[in-house]
Every structure is written in structure tokens, then in C-alpha cells.
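Given the sequences, and given the hints that come with them, work out the whole structure.
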Amino acid sequence: MISFASFPVSLQNETQDLTRHHPNVEDDIDMDEGFEEGIHRLTSPGEPLTSSQAFMRGHGTYIDREEVISSVAGTIERVNKLISVRAVRSKYNPEVGDLVVGRIMEVQPRRWKVDANSRQDAVLMLSSVNLPGGVQRRKLESDELQMRTFFEEGDLLVAEVQAFFADGAMSLHTRSLRYGKLRNGQLLTVPSALIRRLKSHFLSLPCGVDLILGLNGYIWVSKHVKQSEQEGEEAFDAEAVYSNKNDDIDDATRLAISRVSNIIRVLAAHFIPLTDTLLLDAYEWAVEQEGDVKDLLQADIGDAMIATITARD
Amino acid sequence: MSSRVEILNDGGYRSDGRRQYELRDVNIDLSQQGTADGCCTISHGLTQVLVTVFGPREAKMRSQTLHDRAVINVEMSVLPFSTGERRRRARADRRILELAATIKSTFEPVVQTTLYPRSQIDIFVQVLQQDGGLLHACINATTLALISAGIPMSDFVCAVSGGVHATSPLLDLTMLEENDLPHMTVAVMPRTSKVTLVALETRLHVDRFAEIFSLAGEAGQALHREMRRAVRGRTGRLVGVMETGMKQPIGGEPLERDVVMDDRMDF
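These protein sequences, in sequence, are chains A and B. Residue numbering for the first sequence is 1 to 313, as defined by full-length UniProt numbering. Residue numbering for the second sequence is 1 to 267, as defined by full-length UniProt numbering.
Honestly, the hints are just simulated from the structure, not real lab data. Values in this document were obtained by computation on a predicted structure and should not be read as measured data. Check each hint, because a few of them may be wrong.
Said to hold, decoys possible - Under 8 Å between C-beta atoms, here's a sample of chain A residues computed to sit facing chain B:
id, residue
1, Leu42
2, Ser90
3, Thr189
Virtual Cβ for every residue (Gly too), placed ideally from N, Cα, C.
Structure, rendered in C-alpha cells:
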């Protein structure tokens, strides 16, 4: 296990900012701003935002004595008459259609329980996976008996959020050839706020590394698989999709995977949202340095990398 | 009062040089610790506590899940080197279990658990150094850790301990003072000035109670400003970094400042 004891150095001096006012006047200073759209206003729990008669309360707020009051620390967002507060760092809040990476925690009757970094385990129903022998096929009793041949405890998978249950737990599905079991790579966990919604969450870097950016903050970094092999022919190849065996991965690819992983770790430690351009810049920089891959995790080298790539834009 | 040290001298100073209503230096560190969702290290003078918060997440104990709200689980450990005398406390020490239960009941009405049915919020409290005011340091650190985890709460919870020497009330007692004086801990929610916890383990004269109670409440407000500025600082920095994708240069040394309550307080 790699620890980042040295990374959040920059976070340690957080309590300071340069001007401090006398406590008696401090409160008056940032109180008189309006709710202009686009301008971020920060708030913390227990701060009254506005009157509940003029505005509606959204997430991260509650109403007490006709006032809308913030319940989390973050930025205030306003859409017309709806006031909500987005916490700067919180658990993943799933939405239908999100792409997530998860790990099977439990096999239950006709369903799997999947850890998706959310407030509850997600559910993957047997009826929402592709079964061997054709995409459209009725689920049989024999399928229920051999559920562990598809997904076992500890298996990683990529899926899409299909719906929610009454208690807010999410239901996943893998009914696409792009979804399913993950092989040939490694898992990274970053704060879910760092993954933005993109057009495609399947990235393929030119260094022979594929990335799957789960919106829940789980990232799968793996060996590049050619498009044709990935999708196969018309027929759905259950052997390949549910296989537990890794392909042969050569040393160069292994190195590239670890380099990309370490770069993501450094970016996450600095709380920088992931973008493919940043990743590519960082990868180039890391290759130019000719250092060992593990050196990236040292605080000074990580800081130097961040300084270089953020200065480029 | 048969104490060897003078608790409050003729000049109105306490054994560590503070005045009666002066709080100790507060230091708040909200930097990320490992995989925790939220964490905070707070020090009140020489008392130092680290709190990490995980969750809301799937409850590990299926039998204890509630279908309409989240369960708060507090686990506390006191490090053997945290006191002057080195000794290992069992995790199941009654005193520790009681403190943990106190913290749990303090936060249950404040955290909006109904938003997370069937989940569990784990709070791990680690006492790094003890010099009096252990409970209030734990509560303040837990507040900040919960906020940094993005868990909705109706307000901050700010706790301060208070005691009385002869007839003069003192705030934020050290270990030395705690051993000799009757003392209590008060946790307030600053916006409404509601009190979520009053802990009194020693015998205190009933006439002194009201005075200490209101003093500690007021000190909680002062502490709230300090805690809020720490939260604001962290939020602002993270939002800034995320927006630009750039690291803000961190300039200068942190400003040192004591939390000073006015010696003269008007009620």
C-alpha cells in the first residue's frame, strides 16, 4: 500500500489567509453579496442563505424558521428560484446513466451486491447482465445456479446506473458490449468530485493504456485492447467477457500502466480534476524526466510535475 | 481546596499564564488522511485529537441498519503515549466506551441521518495527546471531520469545558486544573445557541452551574468563528484548485494567534 503522507503538505496551512479581521466585524464582511449566477459563493453548515418564501431549497440545505440554511460546506448554486449547496468533497451521488466501476461484494439470489463507492452497495440484477448465448435470451434457472461463473466476489466490473430503488440504492446494468468484467489492469480510487461528466468515459491514451473513468471515483487503468477485439463479432463471446485470466502484458505496457496510475495519484492528491490533456502532458513530462516510475510519488517530483503541466495552459 | 499548585493567582492568572476566560491556542488541520472521507486534527493547547470519518457507506452490521436513516458508529482509541504516564488502555475500557457513546449522542440530533437510509457513518476518534478538555476536543474535531466529509449537518457543534475555582469560573481547563476543580463540558450549536451536550462528572455547586453554562455557551460562539474560518479556508482552496486545475501558490507562514475571549464579558 502506498501512502501519501508527504503529499497534502500544501493543505496543512489551510487555516490561514492573509487578512484577519476583528471577530466583531468579521461577520459583516461577506454577507452582503447577492446570488449572482456563475459566481461561487462559499458557505458552511448552519449559515442562513436566504428566505424560504422567496426561494426553494435544494440539496445541501434545510429550512428552519422560514430561512433556507446550508447544511454542508461548499459552493452555493442557484437555478432560478432553487438554491442548493454543492459539497466540495462528498460521497458519490449517482445519477441514471452514469458510468461506474465497481467491485462485487456479495452474491445473492438473482442479484449481485456491488461496491460502487456510494452510500450504499449497488445492485446488479441477474436480469441486467448479458448472458452467454446471445444478447437477447430468457434467464433460466440454470443461470441462477451458476451466477458465480459470471461474477464472483472481488471481481471488478464496469457498468451503467440504470435506476434507483425506493431507498436510494442504485441498480446497475451491463447490457452493452463495452460493459462487463475488467481485466488486464489496476484500480485507482480518487475523490468522485474529480471526475467530470465527459462525452466518453473510455479513454485510450497513445501510450498503449486504456482508462475507464468511473464517475464514482474508481478508475480502471489497463492494457490497450484493440477496438475490433473488444467488441468481437456479432456473436457475444461469453468465454472472453467473463474470463478471469489476464492476457500477456509486456514490460513496456506494465510500465506505462504504472506511470499513468502514479500520475493520476499525484493529480488526485493535489485535488486536480482529471482531463485527458492534463494526463497526456503529465505523461510526456514523466517520460522526459527519465526517472523511475515510483519517483513520481515523491512530493518534490510530484509538485514539479503539477507546476509544469498546469503552467502550460 | 488542597492543591499544591495555585490554580488562580492574585493577579488573576492561571498556572499556564492564561486569564480566567481565555481559551488555549486552537490549531486545526483539515488535510486529507489516507482514504478517509473526512478528517481533522485539532489541538487545544496540548490536547490533540485526530478524527477520521468514513461514509455514509454500506453498513457492515446488517442487523443494526435502520431502514429510515443512517447509523452513526463511533470508535475511540486512546494512544498509550498520550498521557504523562504510559499505559495501554483496552479498547473496551469503560471510560472510553462512555466517551464514545457521549460523542455519538451529541451528533445524532445534528447530523441529517435521514438522508442516508440503511447506511452507516463511521467516526474514528484517536486521542494523540491529553491535557484536559478531552471531550470537547473530540467533539470539535468530529464536527470538522464530518463537515470535511461533506455530510449534511444542521449546524456546527462547538464544545468548551468550564470549571470553577472558589467562586471564579474558568474556561478550557488543563489536566492540572481538571484534577482539582469541578468541571463540565458544554456543546452548543452556534446559530440557534441550542445545547446538544452538557457533561458533568464532578460535583458542582448548583449556584455556579448557570454561570459556567452561559460562559461556555458564549465561548462556543468564539470557537465557532475559528472553526468556520478553517472550513472556509479549506473549501475555498479546494474550489479554487478545481476551477483552475491549478495549484494556488501557498505563501507565507500561518499566522499564529490565540483565541482570546475578552476578560470582561457583559451579559
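Verification of the supplied hints:
1. Leu42: Hint on A:Leu42: holds, closest Cβ of chain B at ~5 Å, below 8 Å.
2. Ser90: Interface hint status for A:Ser90: holds (3 Å vs cutoff 8 Å).
3. Thr189: holds (7 Å)
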